[in-house]
Structure formats: C-alpha cells, structure tokens
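Sequences listed follow chains A and Y, in order.
Residue 270 in this note's numbering is what sits at position 270 of the first sequence, and the numbering runs on without skipping anything.
Residue 121 in this note's numbering is what sits at position 121 of the second sequence, and the numbering runs on without skipping anything.
None of these hints come from the bench; they were simulated from the model.
It should be emphasised that the depicted structure is a prediction, and the values quoted were computed from it without experimental measurement.
Each statement offered as a hint is correct.
Derived pair list, reagent style SDA-like, types lysine to any residue, alpha-carbon separation capped at 20 Å:
#, chain 1, residue 1, chain 2, residue 2
1, Y, 202, Y, 176
2, A, 122, Y, 37
3, Y, 273, A, 95
4, Y, 273, Y, 171
5, A, 61, A, 259
6, Y, 273, A, 98
7, A, 135, Y, 37
8, Y, 274, A, 157
9, A, 122, Y, 51
10, A, 135, Y, 36
11, A, 122, Y, 253
12, Y, 274, A, 164
13, A, 122, Y, 249
14, A, 122, Y, 46
15, A, 122, Y, 40
16, Y, 274, A, 94
17, Y, 273, A, 161
18, Y, 274, A, 93
19, Y, 52, A, 123
20, Y, 273, A, 99
21, Y, 52, A, 124
22, A, 122, Y, 250
23, Y, 273, A, 94
24, A, 122, Y, 42
25, Y, 273, A, 101
26, Y, 274, A, 89
27, Y, 274, A, 101
28, A, 61, A, 140
29, A, 61, A, 257
30, Y, 202, Y, 177
31, Y, 274, A, 96
32, Y, 274, A, 92
33, Y, 274, A, 98
34, Y, 273, A, 97
Now for the letters of each chain:
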Amino acid sequence: MAPRSRRHVLPGFRLSLGLTWAYVGLLVLIPLSSLFLKTFSLTWPQFWETVTAPRALAAYKLSFSASLAAALANVVFGLLVAWVLVRYRFPGRSLVESLVDLPFALPTAVAGLTLTTLFSSKGWYGQYLEAWGLKVAYTSVGVAVALTFIGLPFVVRTVQPVLEDIDVDVEEAAATLGATPWQTFTRVLFPAIVPALLSGFTLAFARALGEYGSVVFISGNMPLRTEIVPLLIVTKLEQYDYAGATAIAVVMLLASFLLLLAVNLLQRWSHRRLEARSRA
Amino acid sequence: MFAPSIHLPRRKTRTLEGSPWVRWTLVTVALGFLAVFLVVPLVAVFSFAFQKGWEAYLTAIAEPEARSAILLTLMAAVIAVPLNLVFGLAAAWLLARFRFRGRALLLTLIDLPFSVSPVIAGLIFVLLFGRQGWLGPLLFEHDIHVIFAVPGIVLATVFITLPFVVREVLPVMQTQGSDEEEAALTLGASGWRTFLRITLPKVKWGVLYGVILCNARAMGEFGAVSVVSGHVRGVTTTLPLHAEILYNEYDFAGAFAVASLLTLLALVTLVLKKYVEWRSEAS
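So here's chain A without its partners, still in its complex pose:
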C-alpha cells in the first residue's frame, strides 16, 4: 500500500483524486474547452452576426418562451401531484407514485414520437383538439407540450419530500388560532415549499432549454417558426458550419449559466427570508 498522507486517516486519497480528475479532465474539461476555443476562431463581428441573426433570435425566443411555459405548467401540476400523493390515499396511489418518474426513464425520442402521433390532426388527442381549433403538433404549443412531459418529475420530486417533512403541529397551531384551511395553506405551508418549488422550476426550465429528442418530432422544425435552439445547432452542424454551431452553443451555455446563477441567488434569498420569519 502507498504511504498514507499524514493529514488523512482514510486511504485512497491520491488514487481517487488522480482517477477522478483524469476522467473528468479527459471527458468533460478538454471537450468543453474545445467549445470555447472554437468560438475564438470567429472575429467579434462574425460572432455577433451569427448569434443575432433573425433565425437565431427566433429560436431563442421560442426556446425560452416554450421552456418557461412548460416549467410553469410543471410548477402548477407538479405541486398538485405532490400534494395529492403526500396527503391523500386513493386506489392505485403507489402505481402513480412510480409512474411519475416515467419521463426520466423513457427515452426522449420515444416521448417525441408518441406525443407527435397523439397530437397530430388524426391522432387520439389531435382530432378533438383540432375540432376546437387548437393545433398542437408542428406548432409552438406542441413544443411546450413535449417540454412539459419531459420536466414533469422535477417539481414533484423536489416538493414531495418537503411536504412530507412539514410538521403537523404547525398546521394544527394555525387551525387552533382560527385560520381557515386556505389561509393555512397560503400563509403557513406555501412559504415553506417555495424554495423547493423554485428549485424544481429551475431544473425543469434548464432541462427544457436543452431538450432535443422529444421536441424535434413534434415541432415540425420550421425555421423562424418552430425551430428551437438545439435544433438550430444541429442544422448548422449538418451544414458543416462548425463555428456557427459553436457560437450559438456558447450563447446557450451562457444563458443557462446565468439562469442557474439567478435562481441560486433567489433561492438563497428566500431561504434567508424563511429563516428570518421563523426567528421572528
């Protein structure tokens, strides 16, 4: 055995450190830095022209708005599903409990194929929806639908444990003090689950921004209209415009980084507010 470093009682520090850094370096660090190096092959005006082209702007707009819509839908329905799973007993509950993770386990291409077929004008859903004048497949609504499917488990899985941990005493105290159930929910329970809702929202939103497999089928991929950012990157790659693809990818990476940063700050703020409230 290698001589143990004096600071660590447990063995394996150097071996695991070396192995981990080598693996991460080779698979993550070097490949990702190639992305940024490639961007430098463009001059600033070229870069700017690529990332602000009308087609790129339309793609950002669609990706952002559809992901936002999907993440918000996930907040509403995710909270509802988590609430129902934690608070109520009904037949088939444990089956539902397992099924919630389906979007994580199901390959995204399968989700895309299936949703597209269901929502197309002759599909099981599409035929009724189109009778009502709502076209889903091959529109931006379809993009949001696919992204809602993909992000479904995030909010449920972040909110559920928090709801389970909330002490009954708190609710009882609120009730004893004369609060209506609705007041108890909005004033007592809701503030406690806001941080979890926020992180579920972020995870769903970030996942939706990058999602590709489920969207390419349902969106119809029309430039300027139903083209999401990841698809624009693929299109540019297929035209061997590596620099262009990279420029868009860098914008996307920066955007998701800023998003994560903003939400982390927001979360820290809401945690602090929560602590301040409970101290007061």
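Fit chain Y to the known structure of chain A by using the hints.
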C-alpha cells in the same frame, strides 16, 4: 404497495385534508393530468406498435438493421456503465471523505453533463474529433474514425451518463460516515479490503440505483448520439436513432415497434428503481 400505513395515524389530526369535495376534485385533476400525459402515451406506444399485428411487429424488431441497432445500443451501455461505475465509486469516495482544494470545481464539472444540452454534448466531440476538429487531421492520417462511427457514439454516451453513479452514491456515503472504515483500518485491514468488505456493502443500494439510472439513459440517449452518429443505417444507428429513421420514412408501425422495446426498458427501469428504493428503506 409499500407501507403506506406509516402516515395513517396522523390523518385524524390533519387540518388540511379539506372537505371531501375539495379532496376528490384535487385527486381527479391530478390523476386526469397524469393519465393524459403518462398513461395514455404509454398505452399508445404498444397500441401503435401492434397496429399491423404480431408478425409485422416481430419482423420490425428482428430485421438486420434493427438487430444491429440493438447490438450497438447494448454495446454503448456495456462500455459506458462500468466505466462510470468505477469512476463514480472513486469520485464519491473522494468527495465524501476528503476536503481538498478544487473540490467545488470538481463537483461542478461532474454535474455539467446533466446541465448542458445533449446537442452540445455531441457538438464538443465533433469539435474535438471531427474532420475539421482539433484532432481530426491526426486521426484522419491514421485512418481512425471517431465521429460518424461507433467510438463517437460510445464517447457521447459515456459523457452524458457520467454523473449518475456519483450523484447517487455520494449522498449515501456522506450520511453513513466512516467510523466502520476507520475501525477496520485500525484493526489492520488493508485499504482495498476495507473498501470491498465495508464501504461497498454499505453503499450497495445507492450504487445499484445509480447503475440502473445510468443504464436507462445510456440506452435511451438521443440528442448527443444523434449529433455524432451520422446516421449510417445498420452501422451507427442506436435503437432511438433507428426509431427516428423508420418514423421519418413513414414506417410508423416499425418505428413504434422499436420504440416499444425502449418503453419496456423504461418500465423495467421503473420497477427495478422501486425495488431498490424499497430494499434500501428496509435495510
């Protein structure tokens, strides 16, 4: 199924059950939403797959291109999962047991494959190994093909599934502490022996959980693999890519037959996952 009774005694004192009317409305809306988004699509996959009958189904999944897609998918998983398992164990041990400089950076880098778009995951390997890539000319000289070939698919799969095992094992190792390991070492066990006999059994359910998720993603990945694959039929098409090709050729029954295999994989994954959760709670 699994011990729902733990919650039951508290029910009487719950103030927020709401009236039966509220309760049933909420349950109905939630279940309706899940039925529309999860249950019906699940049924639909199999219904579309069998729309032309059993024989067409069997033909679709037994034809040579489908078989080579199955083999390639299995191969990618068979390489990616063990690599990420070994890495995951080493990284979890490192991150759970030691404090060192660069720890936060390392954690961020490990999480990156989760947060970047699968398309970008594919793109970085094209930039590295593609014909116009950094190593492209060198590889071309030696006639080594990575992009639009099997190695690229394996690489992209390894990248995409890198965080799964670490992310599952790390929290388990952190909560369990290292008292037993220290005792074993004091009693004279070697580092490896301690790891194999003490650490590994302690985290086995976490490891299994990570492996299951890692495998599901490895077999089902679409975006990253699609970028590096080049879609050479029967050569560089994994199962999800094969389903896409059939779908684009309007062979819907065939596409869904292939998709049904992937759906079965997802269902098996969910069952195994539930089993592991149940066993790890029991132990």
